[in-house]
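With the hints as extra help, turn the sequences into a complete structure.
Residue numbers (the working numbering), protein chains in the order written: chain E, 1 to 321; chain W, 1 to 204.
Worth double-checking, as some hints may not be accurate.
[To be verified] Straight-line C-alpha distance at most 20 Å; calculated EDC-like pairs for lysine to aspartate or glutamate:
| hint | chain 1 | residue 1 | chain 2 | residue 2 |
| --- | --- | --- | --- | --- |
| 1 | E | 222 | E | 194 |
| 2 | E | 41 | W | 202 |
| 3 | E | 216 | E | 194 |
| 4 | E | 216 | E | 162 |
| 5 | W | 52 | E | 162 |
| 6 | E | 222 | E | 232 |
[Stated by the list, open to error] Just a few of them, taken from the derived set where beta-carbon distance is under 7 Å, the chain W residues facing chain E:
| hint | residue |
| --- | --- |
| 7 | 34 |
| 8 | 64 |
| 9 | 75 |
| 10 | 76 |
| 11 | 112 |
| 12 | 187 |
| 13 | 190 |
| 14 | 201 |
| 15 | 203 |
The set of hints was computed from the structure by calculation and includes no laboratory data. Note that the Cβ used here is the ideal one computed from N, Cα and C, for glycine as well.
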Amino acid sequence: MNPSLILGIETSCDDTCAALVTEQGEVRSNVVASQGLIHEKYGGVVPEIASRRHLELLDAVMADALEGAGATLEDVDRIAVTRGPGLIGALLVGVAEAKALAAARGLPLTPVDHLHGHVVAGTLGPDAVEAPYLCLVASGGHTFIARVEEPSSYTVLGSTLDDAAGEAFDKGARILGLGYPGGPAIQKAAENGDPEAFDFPRSYPGELDFSFSGLKTSLLYKVRDGAGPVEDLAASYQRAIVDALATRLGQAARREGIDRLAIGGGVAANAELRERLEGAAIPPFELCTDNAAMIAGAARFLPAVEYPGYLDLDASARIHA
Amino acid sequence: MTLIAFDTSMPTVTAGLAGGGSAIREGPAQRELMPAVNGLIGEAGLGWRDVKAIGVGVGPGSFTSLRIGVATARGLAQAYGAELRPLSSLWALAQNIDAARGLAVIDARRGEVFAALYEGGEAVFGPWVGPPEQLPEACSGALAAGDGSVRFRDVLEGAGVEIPPDGDPVHRIQGPALCALAERARAVPAEAVLPEYLRSPDVG
Ligand SMILES: Nc1ncnc2c1ncn2[C@@H]1O[C@H](COP(=O)(O)OP(=O)(O)O)[C@@H](O)[C@H]1O
Numbered sequence: 001m002n003p004s005l006i007l008g009i010e011t012s013c014d015d016t017c018a019a020l021v022t023e024q025g026e027v028r029s030n031v032v033a034s035q036g037l038i039h040e041k042y043g044g045v046v047p048e049i050a051s052r053r054h055l056e057l058l059d060a061v062m063a064d065a066l067e068g069a070g071a072t073l074e075d076v077d078r079i080a081v082t083r084g085p086g087l088i089g090a091l092l093v094g095v096a097e098a099k100a101l102a103a104a105r106g107l108p109l110t111p112v113d114h115l116h117g118h119v120v121a122g123t124l125g126p127d128a129v130e131a132p133y134l135c136l137v138a139s140g141g142h143t144f145i146a147r148v149e150e151p152s153s154y155t156v157l158g159s160t161l162d163d164a165a166g167e168a169f170d171k172g173a174r175i176l177g178l179g180y181p182g183g184p185a186i187q188k189a190a191e192n193g194d195p196e197a198f199d200f201p202r203s204y205p206g207e208l209d210f211s212f213s214g215l216k217t218s219l220l221y222k223v224r225d226g227a228g229p230v231e232d233l234a235a236s237y238q239r240a241i242v243d244a245l246a247t248r249l250g251q252a253a254r255r256e257g258i259d260r261l262a263i264g265g266g267v268a269a270n271a272e273l274r275e276r277l278e279g280a281a282i283p284p285f286e287l288c289t290d291n292a293a294m295i296a297g298a299a300r301f302l303p304a305v306e307y308p309g310y311l312d313l314d315a316s317a318r319i320h321a
Numbered sequence: 001m002t003l004i005a006f007d008t009s010m011p012t013v014t015a016g017l018a019g020g021g022s023a024i025r026e027g028p029a030q031r032e033l034m035p036a037v038n039g040l041i042g043e044a045g046l047g048w049r050d051v052k053a054i055g056v057g058v059g060p061g062s063f064t065s066l067r068i069g070v071a072t073a074r075g076l077a078q079a080y081g082a083e084l085r086p087l088s089s090l091w092a093l094a095q096n097i098d099a100a101r102g103l104a105v106i107d108a109r110r111g112e113v114f115a116a117l118y119e120g121g122e123a124v125f126g127p128w129v130g131p132p133e134q135l136p137e138a139c140s141g142a143l144a145a146g147d148g149s150v151r152f153r154d155v156l157e158g159a160g161v162e163i164p165p166d167g168d169p170v171h172r173i174q175g176p177a178l179c180a181l182a183e184r185a186r187a188v189p190a191e192a193v194l195p196e197y198l199r200s201p202d203v204g
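Laid out in structure tokens, this is it:
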């Protein structure tokens, strides 16, 4: 006998995801079909290709998630789906399938803000972080600090004005000829480099905002000028990004008077960042990158729309759900 | 056997319940499709558990809209194991044409159309995507239907194609015709039900 299970569905960017999570926050399965390599040769996610792949993969990913949880649709009490922000055509695949499945089975549906999912990913699993806490979300598409009073919502305290931190890693790796994805590549090269060899600019705009575009430009100039070795460049560049992230999170903690910290997003995998933020709640990597467990997880704190109230639910590329 | 069919290839959503009601709704598929099909089931006093087969128009047509149709069909089918039957949207449109040669034309935007020419129940040209100016001469004398024929009326009439007035119902896929097609169609595994895009993704 399974407890109440939430089926989460996430198709906002280039990963097709489904997961089963209990109302208590136990992750029963968390399946991600990554399309990353398909898009790599185009130098970024191609929305139409991503949308087509979601449709091809979603049924199989959902079936895998059910099987992995040892569950059937009979055990699912609620469906949670990412309604935005993200690529509209990609989001609509998940939203359409979620609505149809929920309606046919008469289940309630919870539309979830993708970023809310990242912010509360740390509330899943055995080492769940408890509100109030501050969360730094740093991924390929987003970088912001949120204050979480209650896990049902969050307030953004500061965010990047240009590139996301993951994007800075990815673009930096491209400049250094280190390949894709950039985060792990830079981290690896940095292991044998001197993080103080080069002085990269740190930018602290506004009160708690971020800016990484100047950093990238500075790297570009250094490489043009023949600076090296690449290990030293990578280590110094990584240090600059981690510095900005950790400094801002520390400032936010002091300003808000909250010392419980969490991080999320793909950049949370970064070893130097983890070291710097020792004490912060860091969910397992598979809950940091895009996944559906965090969507089902966020749904635990949100009201469910009862059937048939969601039949005309639309996805939304921008606004928060 | 309870069968429902729908099509989202054009800016209107068409849905029909075999032996029951049908609906045509203006507006985006994400807003109109589920209310339309759910309404048909409800009005017939049925539940989704009763639906044994789902016919879905797989295009060609608007990519996003087709994906919503297919994802919806798959979600509905998964719920209680109903079978899925993909249907050609151009052929569904051609059901409206009462002539020896019928030309189904769906607006493909960017100045192009999705088109197919049917004769004696078979496609003798297409499904094809391209500028209406480049439709083959064989289309001359055919009777057309679809939003693409309305949109490019001047070009097509200039090429000898006959087109009913703009507001004529032949330009929209009709629920009963769609159901009739679905009743004769073969079921395929869910993963094989995919849109007929006819165009490669724009990698801009
Ligand atoms: N070890 C790492 N160090 C730094 N960045 C990393 C590391 N591992 C992954 N990343 C970065 O995380 C990002 C991907 O995270 P993800 O949450 O999937 O983001 P998104 O879906 O927004 O692209 C990429 O930009 C990648 O370079």
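The hints, checked one at a time:
With a C-alpha separation of about 15 Å, the suggested pair residue 222(E) and residue 194(E) falls inside the 20 Å cut-off, and the hint holds. Simply put, residue 41(E) and residue 202(W) have alpha-carbon atoms about 14 Å apart, close enough for the 20 Å limit, and the pair holds. This hinted pair checks out: residue 216(E) and residue 194(E) have alpha carbons roughly 18 Å apart, not beyond 20 Å. Between residue 216(E) and residue 162(E) the alpha-carbon distance is near 11 Å, which keeps this suggested pair within the 20 Å criterion.
With a C-alpha separation of about 51 Å, the suggested pairing of residue 52(W) with residue 162(E) is violated against the 20 Å cut-off. The suggested pairing of residue 222(E) with residue 232(E) holds, with an alpha-carbon distance near 12 Å, which does not exceed 20 Å. Hint on residue 34(W) holds. Least Cβ distance to chain E is approximately 4 Å, under the 7 Å limit. A least Cβ separation of about 5 Å between residue 64(W) and chain E falls short of the 7 Å threshold, and the interface hint therefore holds.
At its closest, the beta carbon of residue 75(W) sits 3 Å from a beta carbon of chain E; the interface hint therefore holds under the 7 Å criterion. With 7 Å as the threshold, the beta carbon of residue 76(W) comes within range of chain E, its nearest partner Cβ sitting at about 5 Å, so the hint holds. Against a cut-off of 7 Å between C-beta atoms, the interface hint on residue 112(W) is violated, since the closest Cβ of chain E lies about 16 Å away. Annotation: residue 187(W) was flagged as interfacial toward chain E, and the flag is violated, the nearest CB pair being 15 Å apart, outside 7 Å.
The criterion of a C-beta within 7 Å of any C-beta in chain E is met by residue 190(W), whose closest approach is roughly 5 Å, and the hint holds. Annotation: interface hint on residue 201(W) holds; nearest CB of chain E at approximately 4 Å, less than 7 Å. Using the Cβ-Cβ criterion of 7 Å, the hint placing residue 203(W) at the interface with chain E is satisfied: the shortest such distance is roughly 5 Å.
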